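The whole structure should be built from the sequences, with the hints applied where relevant.
Each protein sequence line maps, in turn, to chains A and B. Take 1 as the starting number for the first sequence in the numbering used here and just add one per residue. Take 1001 as the starting number for the second sequence in the numbering used here and just add one per residue.
If you are wondering where the hints come from, they were derived from the structure by calculation, not from laboratory data. These figures come from a predicted structure and were not determined experimentally. Heads up, a few of these hints could be off.
Which residues of chain B face chain A? A few of them, derived with a C-beta cut under 8 Å, are [said to hold, decoys possible]:
1) I1096
2) S1097
3) E1099
4) D1100
5) Q1154
6) D1156
7) Q1185
8) L1189
Cβ atoms here follow ideal geometry from the backbone N, Cα and C, with glycine treated the same way.
Listed here are the chains, written in short residue letters.
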Amino acid sequence: MKLVPFLTAMVGGLLFSTAAMSADAPGAAELAAKLSDLQQDGSTFIRVKMIVSSPANPSDPKTTLQLQIKSRRSAGQTDVVYQVLFPKERKGEAVLISSSGNGATFTPPDKLQTFDAAKFKESLLGSDLSYEDVSDNFFAWKDQSLAGTETVSNVSCQILESKPKGARSSYTSVKSWIDTKRMVPLRVEKYGAGGQLVRRIDTSDVANVDGRNVLAMLVIRRPGHATATEMDGSRIKRGVAYTDADFTAEGLKNLSGPKGGE
Amino acid sequence: MTFFTIVTRGLMRRPVRTGLTLAGISIGIAAVVALVGMAWGYEKSIGKQLDVIGIDMIVSNMTGGIMPKTFDASVEDKIAQLPKIKETTSLLMQLISVEDAPMIMVSGRKWGGFTWHQLKVVEGRMIKDEHEPAVVLGRLAAEVLKKKVGDTVQLDSDELNVVGIVDGGSVVENGAIILSLAVMQKVTLNEGKVNFIDIRLQPGTDKDAVTETAAEIKKIFPEGRAVKASEVVGTSQGFRVARAMSWSTSILAITVGILGVMNTMLMTVFERTHEIGILLAVGWRRQRVMLMVLCESALLGLLGGILGVILGAAGLMIMETTPAIKGLLEPDLSPRLLIISVIIAVVVGLISGLYPAWRSSRLSPAVAIQS
Chain A
1 MKLVPFLTAM VGGLLFSTAA MSADAPGAAE LAAKLSDLQQ DGSTFIRVKM IVSSPANPSD
61 PKTTLQLQIK SRRSAGQTDV VYQVLFPKER KGEAVLISSS GNGATFTPPD KLQTFDAAKF
121 KESLLGSDLS YEDVSDNFFA WKDQSLAGTE TVSNVSCQIL ESKPKGARSS YTSVKSWIDT
181 KRMVPLRVEK YGAGGQLVRR IDTSDVANVD GRNVLAMLVI RRPGHATATE MDGSRIKRGV
241 AYTDADFTAE GLKNLSGPKG GE
Chain B
1001 MTFFTIVTRG LMRRPVRTGL TLAGISIGIA AVVALVGMAW GYEKSIGKQL DVIGIDMIVS
1061 NMTGGIMPKT FDASVEDKIA QLPKIKETTS LLMQLISVED APMIMVSGRK WGGFTWHQLK
1121 VVEGRMIKDE HEPAVVLGRL AAEVLKKKVG DTVQLDSDEL NVVGIVDGGS VVENGAIILS
1181 LAVMQKVTLN EGKVNFIDIR LQPGTDKDAV TETAAEIKKI FPEGRAVKAS EVVGTSQGFR
1241 VARAMSWSTS ILAITVGILG VMNTMLMTVF ERTHEIGILL AVGWRRQRVM LMVLCESALL
1301 GLLGGILGVI LGAAGLMIME TTPAIKGLLE PDLSPRLLII SVIIAVVVGL ISGLYPAWRS
1361 SRLSPAVAIQ S
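Below, the structure written as structure tokens:
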């Protein structure tokens, strides 16, 4: 039994949280707009445990990382910093990803590298997520349609299909199974060119923290890959104070958490 | 041949069926022992912790989820001014995923507060001052984290030295990472915040004065709630849910047991129609036949109960050592639980035997003998 008050969400466009609300079968555009708005939740600070395992070979060693995630999201821009706190030998390793199509990595003691959108398909800290997965907001894409309903984890979900249509993405479409009562996706499938499934993200726990539904635990799998990544949110602070410097390559060296927030 | 011999012979006639029925009941009772034992154990651990520390009342704001929400530490100073209050201290406690271990309780305690007093250093030393970047580990926490004195433990982005291993007198205390409130606030970015105020009342404070004090605290801290230590477990939603879940699962298991015993007893009655007819013909009263069937089912319940208690207790002992539970729960294997479980088993046996007993008493001796 995992008893945890505090938790987080991360699906597709990354960790996001949603206010507890209900929707009576909204249209695709309306549903996507609501989800997109909820994803633009300002400045947040999140602690997450990430476990990369190999379900096909349970005897293979698991990699466990404790991460802190600094993010600021608005309608036009998303900046996210992932910083490794544990294990000791990887402490300080960090990645900055910006939805404007650039980013940077930092490997202690002093290896700082910038990158552009061409590297967005690369793995995030050795996990089954890519840089693109944590900076994209596919709910904001223009082409949204409803593809029926399906029950996921005993919850009836609307299936929302999002296509980039002009937006920069390596995916050709993303299907999300939306619990419209809690306004959270319980499953996300991302498809590449040729319509093959590239990534599947399953929500295994949703928590209500201060009236907001947050995805507490996610499992990310890639068909054809032996690994699976479990992300277990342990704490979230909203409305924290960041400076622009926190979202620069140099800012990656700063492991201090932000001030303020609830 | 005595009445009891007839009862036991009835059961021994079909040893495989009786054995399978016993297995069914015992699994049900084992579930009761294991699940209820866990729930009671958790409650007992919390109660023991409060007793050991000597806390009379606890103030917190439970709206935040399983752990209370943080609030301004200055609330403590205002509460401390109330007339019936002898002593207060504050804490910031959080369940944190530490390194690669599962969630563990991290307890930041106000320096000099009475919550430090019951900690006995079993290895190493106590933290020197409120700003020392160090922790002491409860004995079980040290085991779970595989840490010893001299190691470091990483809490969020800070590495803190493990300076001692302590015995806190309860499983909750022994399963925790303990550090000063100031360091905890800094590490978890909660400067100036706490989420518990523990209160000791003036000796001799009566029930009415406690209620009055709780009302005064509510005025000072409207979002929070002051609860008597003895009521902490009873008023906690989490405990209530855990208790309800353990009993509801147990009831399901018991229901399966009842059906199993009822089936066995009905089969017994059908198979022994001839014998029951003879017993009625030689002068047994219908009530005596009913009593015989009820005794058989009660005996099945009793044996199943004893077996179930043994199985459940063994299961609990094994569960207690698993990494997910070790240090978090101390299952309750009190005689009270074991006796209640056996009584439940006997009652299950009796309930299951009621219908078969009634059926047997309705047999006509003449028809039964001919069957």
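Against the structure, the hints come out as follows:
1. I1096: At 6 Å from the nearest chain A Cβ, I1096 of chain B passes the 8 Å test, so the hint holds.
2. S1097: holds (5 Å)
3. E1099: holds (5 Å)
4. D1100: holds (4 Å)
5. Q1154: Result: holds, 5 Å to nearest chain A Cβ.
6. D1156: holds (6 Å)
7. Q1185: violated (12 Å)
8. L1189: holds (4 Å)
Hint compliance for this structure: hint 7 alone is broken.
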